[in-house]
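Turn these sequences into a full structure, and let the hints guide you.
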Amino acid sequence: MNGNTIIVIELVAPLAILIVWGRLKIARARRKAADVDCAPVQPFEPKLEPASGFVLSSFSVPQCTYLRQQIALGRAFYYIVAYLLVVVFTSGLLPTSVDRYGPEQPLAQRVWYSYLEHITLGELALDAMMVMAAMIAVYALTTGAQASFNRTRPLTLRFLFWARILSAIATILASLATALAVSFVLLLLFYGPVWLHLLDTFQPGTVLSHRQEMHLIQSLQTSVPRLFLSLATMALLVFSAGVLLLTLGSWFPNKSTGRGMAVIFGLAGGIAVVHLVHVVRGPLALLLSRVFFLYMDLGPPPRYGYVLVPVLTSAVLLFIAQRLIRRVEL
Amino acid sequence: MTNYAIRTENLVKTYGFGRKAIRAVDGLSLNVPEGSIYGLLGRNSAGKTTTIRMAMGLARPSSGSIEVLGLDPWPDPSRVAMLRQVAFVPEDKANIGLGARKLLELNRSFYPDTWSDALARKVVDRLELPLDTPFIKLSLGNKTKASLACAIAQRSRLLILDEPTTGLDPVALDALLRLLVEDCTADGRTIFLSSHQLAEIEQIADYIGIMDRGKILLEGPLDDIRASFRRVTVSGENLPSRGANILSARRDAHATQYVLRDAPDSFSADLAANGATILDSAPLSLNEIFLALCRKEEGVTEEAA
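Chains as they are written, first to last, in the numbering used here: chain A, 1 to 330; chain B, 1001 to 1305.
Careful: at least some of the hints might be erroneous.
What follows is a list of derived Cβ distance ranges for each label pair [unchecked claim]:
id, chain 1, residue 1, chain 2, residue 2, range
1, B, Asp1113, A, Ala268, 46 to 54 Å
2, B, Asp1076, A, Thr5, 48 to 56 Å
3, A, Val263, B, Tyr1015, 18 to 26 Å
4, B, Asp1076, A, Leu166, 12 to 20 Å
5, B, Asp1117, A, Ile136, 43 to 51 Å
6, A, Val61, B, Ile1022, 39 to 47 Å
Pairs of lysine-lysine, DSSO-like flavour, derived with a Cα cap of 30 Å [stated by the list, open to error]:
id, chain 1, residue 1, chain 2, residue 2
7, B, Lys1143, A, Lys47
8, B, Lys1143, B, Lys1122
9, A, Lys47, B, Lys1137
10, B, Lys1102, B, Lys1143
11, B, Lys1122, B, Lys1137
12, B, Lys1296, A, Lys25
13, A, Lys25, B, Lys1020
14, B, Lys1102, A, Lys47
15, B, Lys1122, B, Lys1102
Think of the hints as simulated: they come from the structure by calculation, not from any bench. Glycine included, C-beta positions come from ideal geometry on N, C-alpha and C.
What follows is the structure in structure tokens.
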């Protein structure tokens, strides 16, 4: 079985399981509803409010209720995103992926290079998920029955916005950290600490092909913590930009047109940035990728100090979105 | 001095720009006295839902002003102060995809200070709301009942109901009307409801506002409104067909039938003094008043066009 088939199975299998599980749940709900029609109606006896933990104790009861809703939603989203990211990040550990980097290279080099490269490729999948997350976050405050419900509860729009956005960010970071940790553990389980053995097979005077040389140099130069950090900051940046664009789109009299335009502009902008950094590779692209801590190619890492740029930019984008969302009408 | 639960002055809401601009609400001045049951009536696209959305802080007035319980419903924190005291049933009864029990439990948590479990049970019982039916199996009527149960059990100072009778059968409708009168107007609480169901509104409302094309055509206590409209059938020569208080005049072979507003008795007396014979004088139902006003407004608009 080749690597692509395994990835497809990994992606499709849970979906199939979810569909089957969903159908079973609906069937069970229907059976239950049929029983309810026959059985005497249980009176409305509300459950006791769950005790507020340390984190929620400083909030009012309505605020806690809303936060609990966000946490429950975040939990569901966490499992989905973490699973998809694990699939993407571990795809570099499949034998077919590892062998793509040339049988002439030592296994440790091939595995490590393949693993790191698939993590950088995972950025695209992560970005797509961040756009989805931004949509889910913004729509619940700007569109339909859910927004109407949320915005008629006794909570400030600022609280509605930040509770939703911060729980989404926490979910994103938690799922990313989980996926990276799982992929790293799988790397250790199947191949061991390969990064410690990159130079093991080299004898003084060994002649390397150009490709081997490049792979080895890039593998040695790559900073894993900064690669992981770059994934997190990039996800945050895409999410924040998505939230701002979709909020701007909600300002249009025709929201679906406005959002459609926001998505088109967002995609065009994203493609332009990727093209600039990956294809043009000029001085501007280099500067852009360093300043924004975009670590999309293996090799020398950007400085840690630059991590503040995407974080602060995201904060500014979200702050603007929060100011704008207060003026969005339903 | 009368306190108003909702008060608007020259309220305007425009959607779109330039040629495509639509005035959904056009200079609306509304006064909803506290403690009343106020029925806002109007045809489709009259501007009722837009008015309610502005009252709930979901839409911003283009011009004019709106106050709900003395608070501006658009900016925070006055919006939140207002929402603490207002229960709302929206036009779209889809709610948030929850079954009735879960929806009630969720709402209970949002309004811990005013919520009444006993009242929730009473509403569930009276409306025969199935608590454990999954959301996907809830009919439109049951979704409406679930929204109503949440709003009523909230025991707020002001209950805003946008088309609260959607999908309800006559039995449930009757139960709802009794609930509104018995349990929702105590302690000076106010009910503001919009509807097309004139007959039902007539049973419970003590104040009426009739809207058409974004404007208020008529507003006041229902009894006063009823008293100020009459259908008068007259026979005689040279009867007027237009006048300040003539809403419509229909001539047939033997008589002329007038629908009159404002001082119909003095109009009849004037006609009688001029030799006409008053054959009949009867009060109008709310439905007839509504139709007469809307037709008159249509005629005015067509003439203006």
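The hints, checked one at a time:
1. B:Asp1113 <-> A:Ala268: 46 to 54 Å: Because 50 Å falls inside the window, the suggested range holds.
2. B:Asp1076 <-> A:Thr5: 48 to 56 Å: Once the Cβ atoms are compared, 54 Å apart, the range 48 to 56 Å for Thr5 (chain A) and Asp1076 (chain B) holds.
3. A:Val263 <-> B:Tyr1015: 18 to 26 Å: 23 Å, holds
4. B:Asp1076 <-> A:Leu166: 12 to 20 Å: 18 Å, holds
5. B:Asp1117 <-> A:Ile136: 43 to 51 Å: Because 33 Å falls outside the window, the suggested range is violated.
6. A:Val61 <-> B:Ile1022: 39 to 47 Å: 41 Å, holds
7. B:Lys1143 <-> A:Lys47: The hint holds at about 22 Å.
8. B:Lys1143 <-> B:Lys1122: 17 Å, holds
9. A:Lys47 <-> B:Lys1137: Answer holds: Lys47 (chain A) to Lys1137 (chain B) is near 23 Å, not above 30 Å.
10. B:Lys1102 <-> B:Lys1143: 13 Å, holds
11. B:Lys1122 <-> B:Lys1137: 23 Å, holds
12. B:Lys1296 <-> A:Lys25: 56 Å, violated
13. A:Lys25 <-> B:Lys1020: 47 Å, violated
14. B:Lys1102 <-> A:Lys47: 10 Å, holds
15. B:Lys1122 <-> B:Lys1102: 17 Å, holds
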